[in-house]
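Undergrad: Going left to right, the sequence shown walks through residues 1 to 458 as the working numbering numbers them.
There could be a bad hint or two in this list.
[Stated by the list, open to error] The list that follows gives simulated cross-link-like pairs (lysine to aspartate or glutamate, EDC-like), each with its CA atoms no further than 16 angstroms apart:
| # | residue 1 | residue 2 |
| --- | --- | --- |
| 1 | K160 | E115 |
| 2 | K127 | E115 |
| 3 | K227 | E296 |
| 4 | K127 | D170 |
| 5 | K227 | E83 |
| 6 | K408 | D392 |
| 7 | K160 | D199 |
| 8 | K226 | E296 |
| 9 | K127 | D137 |
| 10 | K288 | D392 |
| 11 | K227 | E73 |
| 12 | K265 | E296 |
| 13 | K226 | E123 |
| 14 | K127 | E163 |
| 15 | K127 | D67 |
| 16 | K265 | E83 |
| 17 | K408 | E454 |
Source of the hints: derived by calculation from the structure; they are not laboratory data. Predicted, not measured: the structure shown is a model, and the values here were computed from it.
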Amino acid sequence: MNREADLSAIRSDFRRPGVYYQTLARPRREEQQFHTGIPVFIGFAEKKKQGRQPTQAQIGPEMYQVDRWEQFEQLHQPLPFSESYLVYAIRGFFENGGRRCVVLPVQYERNSPSEELADVMAEALTKPFIPGGVLEDFDEIDLICVPDAMVSVIRTHREKVIEIQSAVVDHTRRMGDRFAILDGLSSDNDSKGRSLEQDHVAPAILHWQSLPPEYGALYYPWVWVKKVSLESDAEVWPPVGVAGDRQAMQRANPVVKSLNSQTAKLVPACGHIAGIYSRTDSRTGTHKAPANELLEDVHRAEIDFTNDELATLNEAGINCLSGFAGHGIRVWGARTLSGQPSWLYVNVLRLFLTLTRWARLNMNDLVFETNDGILWERVRQRLNAYCRDLFDRGALMGTSPTEAFFVKCDSETNTRETREAGLVVADVGLAPAVPAEFIIVRITQSASATVATEYSAL
Numbered sequence: 001m002n003r004e005a006d007l008s009a010i011r012s013d014f015r016r017p018g019v020y021y022q023t024l025a026r027p028r029r030e031e032q033q034f035h036t037g038i039p040v041f042i043g044f045a046e047k048k049k050q051g052r053q054p055t056q057a058q059i060g061p062e063m064y065q066v067d068r069w070e071q072f073e074q075l076h077q078p079l080p081f082s083e084s085y086l087v088y089a090i091r092g093f094f095e096n097g098g099r100r101c102v103v104l105p106v107q108y109e110r111n112s113p114s115e116e117l118a119d120v121m122a123e124a125l126t127k128p129f130i131p132g133g134v135l136e137d138f139d140e141i142d143l144i145c146v147p148d149a150m151v152s153v154i155r156t157h158r159e160k161v162i163e164i165q166s167a168v169v170d171h172t173r174r175m176g177d178r179f180a181i182l183d184g185l186s187s188d189n190d191s192k193g194r195s196l197e198q199d200h201v202a203p204a205i206l207h208w209q210s211l212p213p214e215y216g217a218l219y220y221p222w223v224w225v226k227k228v229s230l231e232s233d234a235e236v237w238p239p240v241g242v243a244g245d246r247q248a249m250q251r252a253n254p255v256v257k258s259l260n261s262q263t264a265k266l267v268p269a270c271g272h273i274a275g276i277y278s279r280t281d282s283r284t285g286t287h288k289a290p291a292n293e294l295l296e297d298v299h300r301a302e303i304d305f306t307n308d309e310l311a312t313l314n315e316a317g318i319n320c321l322s323g324f325a326g327h328g329i330r331v332w333g334a335r336t337l338s339g340q341p342s343w344l345y346v347n348v349l350r351l352f353l354t355l356t357r358w359a360r361l362n363m364n365d366l367v368f369e370t371n372d373g374i375l376w377e378r379v380r381q382r383l384n385a386y387c388r389d390l391f392d393r394g395a396l397m398g399t400s401p402t403e404a405f406f407v408k409c410d411s412e413t414n415t416r417e418t419r420e421a422g423l424v425v426a427d428v429g430l431a432p433a434v435p436a437e438f439i440i441v442r443i444t445q446s447a448s449a450t451v452a453t454e455y456s457a458l
């Protein structure tokens, strides 16, 4: 046996006397993968008492993961149509390109006195958003939709709608990596689905102004869709994706002369909008504005805005759903609720919310490392790699990475005080396509949380 073979034999048998050395390769860190455009839908529904229950979809004591519309039908049945829009939101999500969602069905005491019913229903919808609520420990979602904040019992009490939606937005701010898709209030309509209100602008702006200026967007007006589970209507409803020309639809099918409660349903559009977010994320990324996108599964918008009304609402920060001849019903705007100039646009805000979410999932293993130059270098490497990927995918401005982003994590960002507090601090600057200037956030990591704060707010 030659010397190398002998040494190999010795190394493979640690039972012999001697001193042994073995080099163990550090395992390669697997980056935590996550998807964007995953909403949670919260509304009134109850489990089906009969039939096969696909328990593999259950992801918690109260929540279900749904990958297709039929799966929701198997799991739950909506409460009477007048009491819930949940079924329409989920169908609209999948019809508009949604890939996966989470459903949190809630119940309420239906025998409550009529004068207390609005409070009871609002409390059921608000409960998941209280601090320590069921949604806080669930990492898979990044969008929030509560279509049943608009049920008639609640909607007649405007302050209850604001209360629910404010709780949603407060939750997104507290979590720091989620975004709320909110519905505007419906108008009063006649028997043919035409709005009876003369002023559509002032009430919508008042609604927008009543909400916290945080991580969310308001969409207005509602939309007309085909009623769920009305098989007799199958022959009198236009195919999904119709171009929005109502006269052409009536000529092609004279049975449908007007929208009515037998063939159609007026619903809030948050589920359809969430589907557009999901398909835009999948096709391009969170840096692409979910605007000028066609709404599928929609016949027409509740209100036909004039150009002046569209301009006024957009300037106020309200995203309108409007019909354009030959182009269908489209999302016209991508404005947020935020009053901060950096966060005016949905895609810019979501770009940074996604950065926060990525950091929380991919830097947890560094929490208890020694807070020194070696740790700072590892933080810089990871953040630089993430930002470079954004640049390569066209999410940032600039002809080179140095023009598109920077990462700073050193003794200046990690002072003695921050180190003694158990914090690791990094500054990240990104230049999104809009507004084409650097926006800087400070990422602070502790054992309990990862938080991103816009530099102007420090």
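Undergrad: Determine for every hint whether it applies to the structure shown.
TA: Here's how the hints hold up against the structure:
1. K160 <-> E115: 13 angstroms, holds
2. K127 <-> E115: At roughly 20 angstroms apart (the allowed maximum being 16 angstroms), E115 and K127 break the hint.
3. K227 <-> E296: 14 angstroms, holds
4. K127 <-> D170: The given pair, whose Cα atoms are some 13 angstroms apart, holds under the 16 angstroms limit.
5. K227 <-> E83: Holds, because 14 angstroms separates the two Cα atoms, which is no more than 16 angstroms.
6. K408 <-> D392: 20 angstroms, violated
7. K160 <-> D199: Roughly 22 angstroms separates the two Cα atoms, so the pair is violated.
8. K226 <-> E296: Holds, at about 11 angstroms.
9. K127 <-> D137: 15 angstroms, holds
10. K288 <-> D392: 14 angstroms, holds
11. K227 <-> E73: It holds: about 14 angstroms lies between the C-alpha atoms, which stays within 16 angstroms.
12. K265 <-> E296: At roughly 15 angstroms apart (the allowed maximum being 16 angstroms), E296 and K265 satisfy the hint.
13. K226 <-> E123: Distance of about 30 angstroms is beyond 16 angstroms: violated.
14. K127 <-> E163: 12 angstroms, holds
15. K127 <-> D67: 25 angstroms, violated
16. K265 <-> E83: Holds, because 13 angstroms separates the two Cα atoms, which is no more than 16 angstroms.
17. K408 <-> E454: Cα-Cα ~15 angstroms, so holds.
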